[in-house]
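Student: With the hints as extra help, turn the sequences into a complete structure.
Protein chains: 2
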Amino acid sequence: MSGPLRLDASDPRFADAFTTLVEARRESDDDVSRDVTAILKRVRAEGDAALAALTLDFDKHDLDTTGWRVPREECQAALEGLSPELRSAIELAATRIRTFHLKQKPVDSDSTDDAGVRLGSRWSAVDAAGVYVPGGRAAYPSSVLMNAIPAKVAGVERLVMVTPTPRGETNPLVLAAAEIAGVDEVWRVGGAQAIAALAYGTDRIKPVDVVTGPGNAWVAEAKRQLYGVVGIDMVAGPSEIVVVADADNDPEWIAADLLSQAEHDPTSQSILFTDDTAFADKVADAVLRQINVLATGETAGTSWADNGAIILVADLMDALPLVDRLAPEHLELAVADPEPFFAKVRHAGSIFLGRYTPEAVGDYVAGPNHVLPTGRRARFSSGLSVLDFMKRTSFLQCTPAALRQIGPAAVALAGAEGLPAHALSVAIRLDH
Amino acid sequence: MSGPLRLDASDPRFADAFTTLVEARRESDDDVSRDVTAILKRVRAEGDAALAALTLDFDKHDLDTTGWRVPREECQAALEGLSPELRSAIELAATRIRTFHLKQKPVDSDSTDDAGVRLGSRWSAVDAAGVYVPGGRAAYPSSVLMNAIPAKVAGVERLVMVTPTPRGETNPLVLAAAEIAGVDEVWRVGGAQAIAALAYGTDRIKPVDVVTGPGNAWVAEAKRQLYGVVGIDMVAGPSEIVVVADADNDPEWIAADLLSQAEHDPTSQSILFTDDTAFADKVADAVLRQINVLATGETAGTSWADNGAIILVADLMDALPLVDRLAPEHLELAVADPEPFFAKVRHAGSIFLGRYTPEAVGDYVAGPNHVLPTGRRARFSSGLSVLDFMKRTSFLQCTPAALRQIGPAAVALAGAEGLPAHALSVAIRLDH
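Those protein sequences? They're chains D and G, same order as listed.
Under my numbering, think of the first position of the first sequence as 111, with each following residue one higher.
Under my numbering, think of the first position of the second sequence as 111, with each following residue one higher.
No wet-lab data here; the hints were simulated from the structure.
Heads up, some of the hints might be wrong.
Intra- or inter-copy, both count: the list cannot distinguish identical chains.
16 Å max Cα-Cα, derived EDC-like pairs, lysine to aspartate or glutamate [to be verified]: (1) Lys454 x Asp237; (2) Lys454 x Asp428; (3) Lys316 x Glu267; (4) Lys213 x Asp223.
Predicted model only: the values in this text are computed from it and were never measured.
Tutor: Structural data, given as structure tokens:
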């Protein structure tokens, strides 16, 4: 097992090496784009027939036999079948996620200003939303909760889940989470074809307005291509963590934190910043030891060797501009007093403060959303929230007097822009 | 001049005809997509050299001669050169837009819950934003204000404007608006190549994090393709207005309102809902009369004939579900009491209430943003706001006691999901 990249910020070649790390793209290739375009066209043209054929191809089952929808009873039975420990864990998670997201509900405004103009804005939920839930390795009940609960908190009336069921097999944990989260429909379709069905609609599956949820490269590309036909959450890339840690941490703890991202996928990335060479070595050793005993060791080991990095800085605060350039999905500040760093860092999806806040606690039960911007997109985008399932309508009302006060400026500007009908529509009302 | 589509909701064929109207796509074709892909690749590979060559091709001037940037002094001179009437109109607009958008600034949260978990979220501005301003017919100073002011209100430190200057000619109104809005850099580049420069950066133009602003089909497609490399505002299609009007309106007023969208572009769409056939006829006549005298009559006439519609309903409230299906960019409720309709309508970008609120007053001086979702996207997206230039970072802090309280549920869920390093990173801290 080769080790990860080791960089020292005092090295004269550091700037170039760090830029290479920042700009390394771990996203999927162009072939996917062509495949997805073809699948979207096919579903749009052939509807349910395309879904049935593609499901037979990819998931090896016949939807007319296994059933297109998972009946509500099966979700309820899955919930009843959970062990008491797991059921209370999911319920705690659901409650905490709901509580956190309730605070995100936006406030409407409606007021009249000094000119007599009434103006404001009003938020409302989209009519219908779709949540994609992967099958196979990444079939996570936590992901169901994190996508479905904000939609329901927003007030979405029709919440549709799509999920592939390879060879017809459902995942009871996912179904139980759907039941707890209040999902209204569960369809046994996955891949780019499921995203197409949600966006365009088919005879069976009515279209939705917003599609969220993680997926493989085909699913992500389908969402990207359908952006504008439907709303989507940010296009997701491989998961990432940056840990800023001093030498007073237990190296085993930090190693586990780095591996909690690395175990997701070989393309995941874990980066440690520290100010102590000996501590860096201890963490590197601990990572290798843990990889050897983890059931997910092979994936984690590949991720760590290919994409991991340990970066030595003279002072932990020196990591600040470097972290901002990485704009990581997850940032752990494993120091006694994280406040000075926290106050200054600008770009990160979510920040985990102090030695007792491993990133994984945020993945499940803390409350904030675990759907977060990856691939440096925390520079400009945010984690999933209630707002992703709502839209804002602005409004305006002039009295005759208010229009007389602000209308002439509109007439002047419309004239200057060469838009006479704009000018006329205001001017014609000014004499009344 | 042929008239617009006339529909009567009581006609048995109405449902099909209305569905055709709703689903008619007035968006650009697939050739544009290939052209844009090639331009983006070229700018990414060749940087400024590609910008210079494409500008010579499309805009017919040599950037090394005319200058890449418009100097600040030229913007200041443009502002000084405005007529007093126009200057005070732009300043009134800027002030009102700033006031409205200041209210959109989001509030951070930071609290500790009963379990002892500190959690919250913090909003911050993106570092840099780019605003596209079209040249030629659609070079609108109001558009500069509507895009640039929200960015500055958000706190964006570096605000870059790109705008084509055909044959080197700048538009003084646009430059004056840039000066008033606080734009930091103005570059003489346009088209898909300008969007590529903003997203990827070149030697001269540093990259930005968010790109907004209207443009032709190439610009819109470039934004769509670069979504994810940068943040963008919603992909914009042709402008639209729906007017709901009773017979007590002056037909000339309503005609002017319909034409204020139609004059933008032949692909624009204006739709009238009314409950009175005679009134519908009067509006149709007034529209044709106004088209004959408007300087923009040719464009407006084509738009009205090709995309316009007058829809008769038995009761104006019957228009409600039809308007929601159209989810128009602009909705005017030209009735004495708009409240019952306003209370129930779900999908519209912006709503103009009552007889004295022509849509054009919102285009310029009212305060709310005129960058609004088109093409039925008001079902899931919102007008441009301060939030488009900001992002939210969530954060979390556990004490040892708080982690003992919620951590075991995270361990249980991580175990159930088959992610042992996630479980370990929490479990390893529970004994301390």
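Student: Hint by hint, say whether it matches the structure.
Tutor: Status of each hint after checking the structure:
no. : hint            : result
1   : Lys454 x Asp237 : between (39 Å within a copy, 14 Å between copies)
2   : Lys454 x Asp428 : within (12 Å within a copy, 55 Å between copies)
3   : Lys316 x Glu267 : within (13 Å within a copy, 44 Å between copies)
4   : Lys213 x Asp223 : between (28 Å within a copy, 13 Å between copies)
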